[in-house]
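Q: If you want the building blocks of each chain, they are given just below.
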Amino acid sequence: GQNIDQPTEMTATEGAIVQINCTYQTSGFNGLFWYQQHAGEAPTFLSYNVLDGLEEKGRFSSFLSRSKGYSYLLLKELQMKDSASYLCAVRERNYGGATNKLIFGTGTLLAVQP
Amino acid sequence: KAGVTQTPRYLIKTRGQQVTLSCSPISGHRSVSWYQQTPGQGLQFLFEYFSETQRNKGNFPGRFSGRQFSNSRSEMNVSTLELGDSALYLCASTPAPGVADTQYFGPGTRLTVL
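First to last, the sequence lines map onto chains A and B.
Sequential numbering from 1 applies to the first sequence in the numbering used here.
Sequential numbering from 1001 applies to the second sequence in the numbering used here.
Bound-form chain A, shown alone (with noise of 0.2 Å):
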């Protein structure tokens, strides 16, 4: 089956350091993509591993480790602006030929406060 599972919410203080788990079963791995979500937004981009190891992209890291079937990002000196649904995304390995389906979790709505 199919199963990406992230926590549901989660709060922060501005300036410090958060993660945000994702772990992941899914029918075939073809990388796993990050997305941030303002309300009424549409997604926006943050990172992307398909490799084991770590991402980093200025405050922004993620981490994968296939074996476990588990990714995290990690959020740097946290801003207000940072509040907002962080979504984590399998693509999947079709083995009838190359797809881009993303299977994404229900997102984890951080709350930065002050």
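Hints are supplied without guarantee of correctness; some may be wrong.
Restraint-style ranges between C-beta atoms, simulated for each label pair [as the list claims (entries may be wrong)]:
no. : chain 1 : residue 1 : chain 2 : residue 2 : range
1   : B       : R1067     : A       : P7        : 34 to 40 Å
2   : A       : T44       : B       : T1053     : 36 to 42 Å
3   : B       : T1102     : A       : K81       : 31 to 37 Å
4   : A       : T8        : B       : R1110     : 22 to 28 Å
5   : A       : R93       : B       : T1053     : 28 to 34 Å
6   : B       : K1013     : A       : Q79       : 34 to 40 Å
7   : B       : S1027     : A       : L51       : 26 to 32 Å
8   : A       : F29       : B       : G1084     : 26 to 32 Å
9   : B       : R1110     : A       : F29       : 38 to 44 Å
10  : A       : R93       : B       : L1114     : 27 to 33 Å
11  : B       : R1009     : A       : F29       : 33 to 39 Å
12  : A       : E55       : B       : G1028     : 23 to 29 Å
Where chain A lies over chain B, by a calculated footprint (3+ residues, C-beta under 8 Å) [as the list claims (entries may be wrong)]:
no. : segment
13  : 1039–1046
14  : 1094–1102
Negatives, chain A to chain B, calculated, CB over 10 Å [unchecked claim]:
no. : residue
15  : N3
16  : D5
17  : P7
18  : A12
19  : G15
20  : Q19
21  : S27
22  : N30
23  : G31
24  : E41
25  : D52
26  : R59
27  : F60
28  : F63
29  : S65
Don't read these hints as lab results, they were simulated from the structure.
Here a beta-carbon is modelled for each residue, glycine too, at the ideal position from N, C-alpha and C.
Knowing the structure of chain A, use the given hints to seat chain B on it.
A: Same frame as chain A, now just chain B:
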């Protein structure tokens, strides 16, 4: 480079009507995917097109259909609208299926069915 564009941005329809949504991918991108986002179900994959061919389809009834034109623009159609079809419809584009390390979404079309 212009991003993914979707028209219209907002639509209000009544039950039983049909609707057509349009997506223009990033210039040079030939793969377009469609997603439905609702508060209850989150982001769910609808279908994927590449070179005018549907490559993948999600678990939606036959009332949901789509197509892609030779210029890579894509349309999706929903016939016999139901209240539950009220959602944000998003499209995303990449150069080709399964290889991109980014997948950018358009701003979405918010459909309200009364």
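Q: When the hints from earlier in the document are held up against this structure, which numbers fail?
A: Result: hints 2, 3, 5, 9, 10, 22, 23 and 24 break, sorted rising.
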